[in-house]
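Asker: Numbering (our numbering), first residue to last: 1 to 272.
Watch out, some of these pointers could steer you wrong.
To be verified - Calculated cross-link-like contacts (lysine to any residue; reagent style SDA-like; alpha-carbon spacing at most 20 Å):
#1 140 to 189
#2 3 to 106
#3 224 to 201
#4 102 to 179
#5 102 to 140
#6 3 to 195
#7 5 to 16
#8 140 to 246
#9 102 to 195
#10 140 to 49
#11 140 to 224
#12 140 to 83
#13 50 to 103
#14 147 to 158
#15 224 to 49
#16 223 to 195
#17 223 to 103
Rather than coming from a laboratory, the hints here were simulated on the basis of the structure. Quantities reported herein were computed from a predicted structural model and do not represent experimental measurements.
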Amino acid sequence: MYKLKASEWEPEHFKWQVEDGVATVTLDMPERKNPLTFESYAELRDTFHKLQYAEDVRAVVFTGAGGNFCSGGDVHDIIGPLVNMDMDGLLSFTRMTGNLIKEMRNCPQPIISAIDGICVGAGAIVSMASDFRYATPRAKTAFLFVKVGLAGCDMGACSILPRIIGQGRASELLYTGRVMTAEEGQSWGYFNDVVPSEELMAKAYSMAAEIASGPYFAHSVTKKCLHQEWNQSIEQALETEAEAQAICMQTADFSRAYHAFVNKTLPEFQGN
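Just need the whole structure built from these sequences, with the hints factored in.
Answerer: This is the structure we're talking about:
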């Protein structure tokens with residue numbers, strides 16, 4: 001079976017750390033509020049793709065350095081060149097950015113975004129595509145594509161955002177490009193929680209540790225079903241979940257949990 005050790009990876013365009021089953025992605029250009037570049041888009045896409053083969057990662061924490069999450073596509077490195085591209089080049093770029101989101105949703109590990117400060121444009125999209133979002137009161141999230149003359153339908157926003165906060169609220173953010181405050185994000189269900197800045201990473205890692213210590217195979221099945229059932233009828237979803245749960249019932253983790261319950265102990269899940 002083809003397996004990789006993610007702890008051995010050395011990305012060039014963001015910080016990468018793997019410890020106790022949790023991988024951390026840190027965008028690290030704090031002087032520019034952690035923008036994305038052509039190179040970091042591509043490397044993030046490839047990294048999330050490879051995670052399906054990583055034997056030492058069960059959860060991912062995504063964050064930014066220096067008190068900000070991500071300022072989106074870099075104005076000079078991305079926006080400027082796009083103005084002069086032909087249609088083939090533009091499609092190549094927009095499909096690449098969309099593939100980052102595809103790989104985030106398809107990788108088996110739940111992704112936790114820890115958001116402080118600026119979280120706009122493609123940065124907002126990355127947070128949107130994550131499975132959990134924790135923020136600080138300083139978090140300012142904006143899908144500001146309209147501010148640069150573009151449509152709000154970028155990198156899956158028109159599909160995913162309404163499912164999180166509702167059609168009307170998503171429409172407002174995508175048409176206006178205005179900032180969603182941390183308070184709004186929490187009340188609308190975008191953020192799982194809002195905590196003080198000094199507690200943000202501890203909150204994210206606490207959830208990551210809980211996931212990493214749980215039944216990893218079952219968690220990956222949950223993520224897959226949460227994603228693919230968007231496009232299914234209730235009847236199709238019931239069959240999908242019947243098949244998925246029957247598969248999980250064949251795992252050693254399911255047996256471990258049963259015997260632990262009988263013996264009045266806590267199960268030690270091993271992900272198989």
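Asker: Does each hint fit the structure? Answer for all of them.
Answerer: Hint check results:
Taking the CA atoms of residue 140 and residue 189, the gap is near 15 Å; set against the 20 Å cutoff, the hint holds. A threshold of 20 Å between alpha carbons decides the hint, and for residue 3 with residue 106 the separation of about 17 Å falls inside it, so the pair holds. A hinted pair counts as satisfied when its Cα atoms are at most 20 Å apart, and residue 224 with residue 201 does not qualify at roughly 26 Å. Using a Cα cut-off of 20 Å, the hinted pair residue 102 and residue 179 is violated, with the two alpha carbons roughly 25 Å apart.
For the given pair, residue 102 sits about 24 Å from residue 140 by alpha-carbon distance, which is inconsistent with the 20 Å threshold. Restraint check: the Cα-Cα separation between residue 3 and residue 195 comes to about 36 Å, which exceeds 20 Å; the hinted pair is violated. Between residue 5 and residue 16 the alpha-carbon distance is near 13 Å, which keeps this suggested pair within the 20 Å criterion. For the proposed pair residue 140 and residue 246, the alpha carbon gap of about 42 Å is over 20 Å, so the pair is violated.
For the suggested pair residue 102 and residue 195, the alpha carbons sit about 29 Å apart, so the restraint of at most 20 Å is broken. For the given pair, residue 140 sits about 29 Å from residue 49 by alpha-carbon distance, which is inconsistent with the 20 Å threshold. A distance of roughly 29 Å separates the Cα atoms of residue 140 and residue 224; the hinted pair therefore is violated under the 20 Å criterion. As the CA atoms of residue 140 and residue 83 are separated by approximately 27 Å, the hinted pair breaks the 20 Å bound.
Only pairs whose Cα atoms come within 20 Å are accepted, and residue 50 paired with residue 103 is accepted, the gap being roughly 9 Å. Simply put, residue 147 and residue 158 have alpha-carbon atoms about 17 Å apart, close enough for the 20 Å limit, and the pair holds. The hinted pair formed by residue 224 and residue 49 meets the criterion: a straight-line CA distance of about 14 Å does not exceed 20 Å. Our distance criterion of 20 Å between C-alpha atoms is broken by residue 223 and residue 195, whose separation comes to about 25 Å.
For the hint linking residue 223 to residue 103, the alpha-carbon distance of about 13 Å falls within 20 Å, and the restraint holds.
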